[in-house]
Amino acid sequence: MNIVMRLAWRNLWRHQRRTWLTVGAMMFANTLLVFMISMQFSMYGLMIENTLKLFTGHMQIQAPGYKDDQKMRQTVADIVPLAASLRAEFPDEKIAARGQAFALASSEDRSYGIGIFGVEPEFEPQVSSIPGLIKEGRYVRGKNATEIVVGAVLARNLRVGIGDELTLLGSGLDGSFAAAVVTIVGIFDSGVVDVDRNIAQIPLGAFQDIFFMDGAGHQVVISAPTLDAAAAVLPKIVAAMPPGSDLVVHDWDALQPGLKQAIKADMSSAFFMYGILVILVAFSVLNTQLMSVLERTHEFGIVMSLGLKPGQLGRLVMLETTLLGLIGFVLGAIGGVLLTSYFGVNGLSIPGMEEMAANFNLPTRVYLEATPLSVVIGPSVVFLFTLLAAAYPALRLYKLHPVEAMRTN
Amino acid sequence: MRMLPVLTRLAWRYLWRNHRRTIIMVSAISIGVWAMIFMTALSRGMVDQMIEDGVSALPGHVQVHNKQFLDDPSVSNRILISDAELSRTFDSADFKAWASRVKVPAVISSEYESRGVTLLGIDPVAERAFGYLSYDEVEGRFLEGVDDNSIVIGRKLADKLETNVGKRVVLMSQDPENEIADRGFRVVGLFNSDVPGYEDGNVFVGKKAAQKMLRIGDTTTELVFLGDSYRNVEPTYDRVVASIDGTLDVKRWYEVATYLGSLLKVMDGFVMIWMIVIFLALSFGLVNTLVMAVFERVREIGLMLALGMKPSHILGQIIIESMLLLSVGLAIGNVLSWATIQPLRGGIDISIVAQGMEMMGAASVLYPRLYVSDMILANVIVLSLGFLASLSPAWRASRYEPVEAITKVG
Amino acid sequence: MAAVRCVDLCKTYRQGDQDIKALDHVSIEIEPGGFVCLSAPSGGGKTTLLNAIGGLDMPDSGEVWVADRRIDQLSKGALAELRLSSIGFVFQAYNLIPVLTARENIEFVMQVQGVPAAERAKKSMAILEEVGLKGLEDRRPAEMSGGQQQRVAVARAIVSRPALVLADEPTANLDSKTSDELMTLFTELNEHHNTTFVIATHDQRVMGYAKRLIRMLDGRIVDDIEQHAA
Ligand SMILES: Nc1ncnc2c1ncn2[C@@H]1O[C@H](COP(=O)(O)OP(=O)(O)OP(=O)(O)O)[C@@H](O)[C@H]1O
Ligand SMILES: [Mg+2]
Chain X
1 MNIVMRLAWR NLWRHQRRTW LTVGAMMFAN TLLVFMISMQ FSMYGLMIEN TLKLFTGHMQ
61 IQAPGYKDDQ KMRQTVADIV PLAASLRAEF PDEKIAARGQ AFALASSEDR SYGIGIFGVE
121 PEFEPQVSSI PGLIKEGRYV RGKNATEIVV GAVLARNLRV GIGDELTLLG SGLDGSFAAA
181 VVTIVGIFDS GVVDVDRNIA QIPLGAFQDI FFMDGAGHQV VISAPTLDAA AAVLPKIVAA
241 MPPGSDLVVH DWDALQPGLK QAIKADMSSA FFMYGILVIL VAFSVLNTQL MSVLERTHEF
301 GIVMSLGLKP GQLGRLVMLE TTLLGLIGFV LGAIGGVLLT SYFGVNGLSI PGMEEMAANF
361 NLPTRVYLEA TPLSVVIGPS VVFLFTLLAA AYPALRLYKL HPVEAMRTN
Chain W
1001 MRMLPVLTRL AWRYLWRNHR RTIIMVSAIS IGVWAMIFMT ALSRGMVDQM IEDGVSALPG
1061 HVQVHNKQFL DDPSVSNRIL ISDAELSRTF DSADFKAWAS RVKVPAVISS EYESRGVTLL
1121 GIDPVAERAF GYLSYDEVEG RFLEGVDDNS IVIGRKLADK LETNVGKRVV LMSQDPENEI
1181 ADRGFRVVGL FNSDVPGYED GNVFVGKKAA QKMLRIGDTT TELVFLGDSY RNVEPTYDRV
1241 VASIDGTLDV KRWYEVATYL GSLLKVMDGF VMIWMIVIFL ALSFGLVNTL VMAVFERVRE
1301 IGLMLALGMK PSHILGQIII ESMLLLSVGL AIGNVLSWAT IQPLRGGIDI SIVAQGMEMM
1361 GAASVLYPRL YVSDMILANV IVLSLGFLAS LSPAWRASRY EPVEAITKVG
Chain B
2001 MAAVRCVDLC KTYRQGDQDI KALDHVSIEI EPGGFVCLSA PSGGGKTTLL NAIGGLDMPD
2061 SGEVWVADRR IDQLSKGALA ELRLSSIGFV FQAYNLIPVL TARENIEFVM QVQGVPAAER
2121 AKKSMAILEE VGLKGLEDRR PAEMSGGQQQ RVAVARAIVS RPALVLADEP TANLDSKTSD
2181 ELMTLFTELN EHHNTTFVIA THDQRVMGYA KRLIRMLDGR IVDDIEQHAA
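Protein sequence lines correspond, in order, to chains X, W and B. Under our numbering, think of the first position of the first sequence as 1, with each following residue one higher. Under our numbering, think of the first position of the second sequence as 1001, with each following residue one higher. Under our numbering, think of the first position of the third sequence as 2001, with each following residue one higher.
I should point out that these hints are in silico values taken from the structure, not numbers from a laboratory. A couple of the hints might just be wrong.
The calculated DSS-like cross-link candidates involving lysine-lysine, where the alpha carbons are at most 25 Å apart (straight line), are [to be verified]:
#1 Lys1310/W to Lys2076/B
#2 Lys236/X to Lys94/X
#3 Lys1265/W to Lys264/X
#4 Lys53/X to Lys67/X
#5 Lys1160/W to Lys67/X
#6 Lys1310/W to Lys2123/B
#7 Lys67/X to Lys1156/W
#8 Lys1156/W to Lys71/X
#9 Lys2123/B to Lys2134/B
Some chain B residues near chain W, calculated using beta-carbon distances under 7 Å [what the hints assert, rightly or not]:
#10 Leu2056
#11 Asp2060
#12 Ser2075
#13 Ala2080
#14 Arg2083
#15 Leu2084
#16 Ile2097
#17 Val2099
#18 Val2109
#19 Gly2114
#20 Gly2146
#21 Asn2194
Fair warning: this is a prediction, and the values are worked out from it, not measured in the lab. Glycine residues also receive a C-beta, built at the ideal position from the N, C-alpha and C atoms.
Extracted from the complex, chain X is given alone in its bound form (with noise of 0.2 Å):
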């Protein structure tokens, strides 16, 4: 170790107590920011994931303006044949086709309004989690079975079970009456409400029957492997639209806009608080090292008129701050590791807060992971700031006139 760094260190543990008081602002605040940002990118990735793999899939190929009224009219023309070609075209993407409409679906006793999804059985499991939900029965076969899947909380509502019959009663694409008799062969329970209560499944075949679609379906669902790989993968689909079609590709951000937008509104409170920890820990740092210099003063005063010059005593004031940040960094990490990973182990669940987790799809446990990035961000930032903070002592020692300096004790 060289002399400066020596001189350095043993400054810095003059008085143990105050060192020690700061290295904790700090590890305060870089246990909590790892802890925090650890968390927030857990469910920020949870929320994305589990939305878009319940229903909305990577991209959606639609109609113009389906995607804002969801009109009956708004319709993509031999459905089945795109999503079919798209395969062939797009082996890595998982692709399905669904028409959408609404009917009053009538039980035995009781009679409810809700949506009803035309799907491909073969396909629609590779984009959509909900098949997988299947909890009793099983999910729909074939292309034109008269087959349901609904909801849990729907089932309930209506008053069946698996093999029960249900009247739909709705209007056709061409606005005519449309109606059938179906049979339910599944029920399916995603945690979802909302999903749970307004949702029913049928065979493509059946629901483009049922309601005179003539081919037609409302929106080809497309999967990539992952979040990236849509990016790259959506200017390509666009270009594979039939030539002539006024077709619009859709990605998850369109579909769900307001989960980027929560994400963004959580992420600048969030970032509000954290500019304040770490603002609070910068004072803390400031205080400690301008105490640390002024209490040298006559001290720098006699190294001063033995030659040295301000600028020497400045690195030595920064490279004793640098030496304090570095403990605090560490310590923090350790500390927010430690404490992500023990969430890691045993999930995170906070009392009251389930019902907004089921808002943004989050399950009520949430197993925490502490990635490179969200480890090193925080602890980083606040390094940072420590070493802002210190250039004002440090910047004091250019103003100092050995002479007084001696004077001062």
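On the provided structure of chain X, position chains W and B with the ligands as indicated by the hints.
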């Protein structure tokens, strides 16, 4: 007690002996306190609005249903008390407002489209006081009475149905025998609402018209009562419970809208945690400052002890010094937060994340709410935890031996 | 009744592996109204003895009595009470509280005693005049010379008319004229109020005022003579 003025003067003077350190610390405390109150006011503003909107859309602070209704919202599970009898019970009971209404799921169809909605058969006169809709701002007109055979729907729903004022729509639901009950209505008004989802999901018809369509005579599915405020529903709740058949299900708003209820609790918890976290971040600097302040004047402490001051006086002096430091910071922090929140009272436009807020159930204009109780909480937390944090340095200071302190070198 | 009585006091400091006997079997008795000078070369044990008498420091063995109360076994609080009510101190160094003005320093003890403000003000202004510091009452210690600070310390020690004044080198920073004035003040107090003075000093001039001169060397009393004021 006699010593208080002496100790306070000493503490105050010592505080400003090292004015740089004190200014830094005061700034830190001020910023911390400002952040505590400012952040709380913003969050309160958001959550309060969510709750108020949510509660007013319910509507009513206390609701009465058939025991099965909330789980199975069908006309079969209606309240089997006639409107006439309800009127006898409640009209004279001097509630701020009450209403009986028909509320069932239904499908609404125009010539082009169908949608699932909640059908509300209401008495527009009785429900005006609930304030979930401003009747006068309805495009066209609102319902005129219980007999009104027209329908009022949301602007957004009208767009989706491609219908408009003057056109006809069909409502479909079920009667108690599960026969399809349907009827055509003429759209006479379109309403707008700030409450997310409200415009798409609710349609209003006259109560009698709804009863007739659903073939339920003069019974309804829901009774709603307005209390003084959503934070004080107990008195209303008690009176409703006392005056109604025990087989019915009487619920406070936060039991009906559990999401909103838990939100209120989560919010209170968040405010507390946020304030404590900020304080903890401050506490290191505070203790540090006190430790340094004691360290610098060990000799003087020795002198005071030698002159006959008791150790408890030294303890008191350091604690007072800490309290003064915190009080100055608090004063500035309080003023600062008031001064920054005041200009924002007109609301902060956060419409760039409007749909995100909608997912949370919040509106896109944020009105900060500065509660006196939150301000008091912040001050109490800072002072009481600050007191605890200063005990250790103060205790150490009071344990010095006078001779050693006086002869201390350095 | 003796104002101060020390019986067989011993106090040993360890300095490295060497034992330093700061007090070595010291016994003295001082009558009320005594005016005693302690003289010893530097390191002779003067300050240690004064501290023991004032209850600031505990002897290793022996007894200390002040006004017929044994004080070496009293609690901290009781000692503080005793110093506050009946002993005035002038220390060798670091006498004043830097954040208080001259007058506030003088009033400090009275304030702790609970003397009403009006009386405090009267007494402190009077004493300031007596020690020749009129006009400097609002200065802080840092704004005064060493001698002026010393006089403020003396004023504080005597202002509440304690029965016993312990002064450690009270004239160390004073010129001969001011020293004389201070000693005259002490003598007057001694004669009019029967205040007992124990003054540690190197100063021959100060010794001249004493009724009794005790010489110490290496923690032992080597000489104890009654003398009459010059
Ligand atoms: N806290 C201490 N630790 C170690 N040794 C001490 C301590 N205090 C005093 N001594 C030693 O005890 C001896 C007596 O000290 P004391 O202060 O009583 O001398 P003094 O007569 O007052 O000297 P001076 O005239 O220089 O003030 C000295 O040798 C001194 O070094
Ligand atoms: Mg001495």
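Now for the hints, and whether the structure bears them out:
{"no.": "1", "hint": "Lys1310/W to Lys2076/B", "verdict": "8 Å, holds"}
{"no.": "2", "hint": "Lys236/X to Lys94/X", "verdict": "15 Å, holds"}
{"no.": "3", "hint": "Lys1265/W to Lys264/X", "verdict": "24 Å, holds"}
{"no.": "4", "hint": "Lys53/X to Lys67/X", "verdict": "18 Å, holds"}
{"no.": "5", "hint": "Lys1160/W to Lys67/X", "verdict": "11 Å, holds"}
{"no.": "6", "hint": "Lys1310/W to Lys2123/B", "verdict": "24 Å, holds"}
{"no.": "7", "hint": "Lys67/X to Lys1156/W", "verdict": "14 Å, holds"}
{"no.": "8", "hint": "Lys1156/W to Lys71/X", "verdict": "13 Å, holds"}
{"no.": "9", "hint": "Lys2123/B to Lys2134/B", "verdict": "13 Å, holds"}
{"no.": "10", "hint": "Leu2056", "verdict": "5 Å, holds"}
{"no.": "11", "hint": "Asp2060", "verdict": "14 Å, violated"}
{"no.": "12", "hint": "Ser2075", "verdict": "10 Å, violated"}
{"no.": "13", "hint": "Ala2080", "verdict": "5 Å, holds"}
{"no.": "14", "hint": "Arg2083", "verdict": "4 Å, holds"}
{"no.": "15", "hint": "Leu2084", "verdict": "3 Å, holds"}
{"no.": "16", "hint": "Ile2097", "verdict": "6 Å, holds"}
{"no.": "17", "hint": "Val2099", "verdict": "4 Å, holds"}
{"no.": "18", "hint": "Val2109", "verdict": "6 Å, holds"}
{"no.": "19", "hint": "Gly2114", "verdict": "5 Å, holds"}
{"no.": "20", "hint": "Gly2146", "verdict": "16 Å, violated"}
{"no.": "21", "hint": "Asn2194", "verdict": "21 Å, violated"}
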